[in-house]
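> Its first residue numbered 354, the sequence shown is counted upward by one per residue in the numbering used here.
Just so you know, the hints here were simulated from the structure itself, not pulled from any lab data.
There could be a bad hint or two in this list.
Listed next, the in silico SDA-like pairs over lysine to any residue satisfying Cα-Cα at most 20 Å (straight line) [what the hints assert, rightly or not]:
(1) Lys389 / Glu370
(2) Lys389 / Ile355
(3) Lys389 / Met378
(4) Lys389 / Glu368
(5) Lys389 / Val405
(6) Lys389 / Ala375
(7) Lys389 / Pro369
(8) Lys389 / Val356
(9) Lys389 / Asp416
(10) Lys389 / Met354
(11) Lys389 / Val366
(12) Lys389 / Ile357
(13) Lys389 / Asp365
(14) Lys389 / Gln415
(15) Lys389 / Val408
(16) Lys389 / Asn401
(17) Lys389 / Ile413
(18) Lys389 / Thr399
(19) Lys389 / Leu414
(20) Lys389 / Thr373
(21) Lys389 / Gly379
(22) Lys389 / Asp412
(23) Lys389 / Ala404
(24) Lys389 / Glu374
(25) Lys389 / Ser377
(26) Lys389 / Pro372
(27) Lys389 / Tyr403
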Amino acid sequence: MIVINDGCINCDVCEPECPTEAISMGDSIYEINQDKCVECEGYYDTPNCYAVCPVEAVDILQDKG
């Protein structure tokens, strides 16, 4: 699962890079719609929001299973 943390500075770099339009502005920072996010599988080798974030505000969490 990929989430945007409180380090987000609302720079808007991640939103246009998301191939499934899963990223949008939330109440105070950008948020990722988990129902739309495919972690860029089939689009990029790594999650693109993680790759382009200039302030490391995107966290890749391990699924509990």
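> A separate judgement is required for each hint: does it hold in the structure or not?
Against the structure, the hints come out as follows:
1. For the given pair, lysine 389 sits about 14 Å from glutamate 370 by alpha-carbon distance, which is consistent with the 20 Å threshold.
2. Distance check on the hinted pair: lysine 389 and isoleucine 355 sit about 11 Å apart at the alpha-carbon level, within 20 Å; holds.
3. Restraint check for lysine 389 and methionine 378: satisfied, since their Cα atoms lie roughly 15 Å apart, inside the 20 Å limit.
4. Note on lysine 389 and glutamate 368: the hinted pairing holds, with a Cα-Cα distance of about 13 Å set against a maximum of 20 Å.
5. For the given pair, lysine 389 sits about 19 Å from valine 405 by alpha-carbon distance, which is consistent with the 20 Å threshold.
6. Restraint check: the Cα-Cα separation between lysine 389 and alanine 375 comes to about 5 Å, which is no more than 20 Å; the hinted pair holds.
7. Restraint check for lysine 389 and proline 369: satisfied, since their Cα atoms lie roughly 14 Å apart, inside the 20 Å limit.
8. For the proposed pair lysine 389 and valine 356, the alpha carbon gap of about 13 Å is at most 20 Å, so the pair holds.
9. Between the alpha carbons of lysine 389 and aspartate 416 the distance comes to roughly 16 Å, so the proposed pair stays at or under 20 Å and holds.
10. Among the hinted pairs, lysine 389 with methionine 354 is consistent with the structure: their alpha-carbon atoms are about 11 Å apart, no more than 20 Å.
11. Annotation: proposed proximity of lysine 389 to valine 366 holds, straight-line Cα distance about 18 Å (limit 20 Å).
12. Proposed proximity of lysine 389 and isoleucine 357 is supported: the alpha carbons are some 15 Å apart, at most 20 Å.
13. A C-alpha spacing of about 18 Å is found between lysine 389 and aspartate 365, which places the hinted pair at or below 20 Å, so the restraint holds.
14. Using a Cα cut-off of 20 Å, the hinted pair lysine 389 and glutamine 415 holds, with the two alpha carbons roughly 18 Å apart.
15. Under the criterion of a C-alpha separation no larger than 20 Å, the hint pairing lysine 389 with valine 408 is inconsistent with the structure, at around 23 Å.
16. Note on lysine 389 and asparagine 401: the hinted pairing holds, with a Cα-Cα distance of about 14 Å set against a maximum of 20 Å.
17. As the CA atoms of lysine 389 and isoleucine 413 are separated by approximately 16 Å, the hinted pair is consistent with the 20 Å bound.
18. Of the supplied pair hints, the one linking lysine 389 and threonine 399 holds, its CA atoms being roughly 16 Å apart against a limit of 20 Å.
19. For the given pair, lysine 389 sits about 16 Å from leucine 414 by alpha-carbon distance, which is consistent with the 20 Å threshold.
20. Between lysine 389 and threonine 373 the alpha-carbon distance is near 6 Å, which keeps this suggested pair within the 20 Å criterion.
21. Annotation: proposed proximity of lysine 389 to glycine 379 holds, straight-line Cα distance about 15 Å (limit 20 Å).
22. In summary, the hint linking lysine 389 to aspartate 412 is supported, as the alpha carbons are separated by about 17 Å, within the 20 Å threshold.
23. Between lysine 389 and alanine 404 the alpha-carbon distance is near 18 Å, which keeps this suggested pair within the 20 Å criterion.
24. Distance restraint check for lysine 389 and glutamate 374: the Cα-Cα separation of roughly 7 Å lies within the 20 Å cut-off, and the hinted pair is therefore satisfied.
25. A hinted pair counts as satisfied when its Cα atoms are at most 20 Å apart, and lysine 389 with serine 377 qualifies at roughly 11 Å.
26. With a C-alpha separation of about 10 Å, the suggested pairing of lysine 389 with proline 372 holds against the 20 Å cut-off.
27. The hinted pair formed by lysine 389 and tyrosine 403 meets the criterion: a straight-line CA distance of about 16 Å does not exceed 20 Å.
Checked against the numbered hints above, the structure breaks only hint 15 and satisfies the rest.
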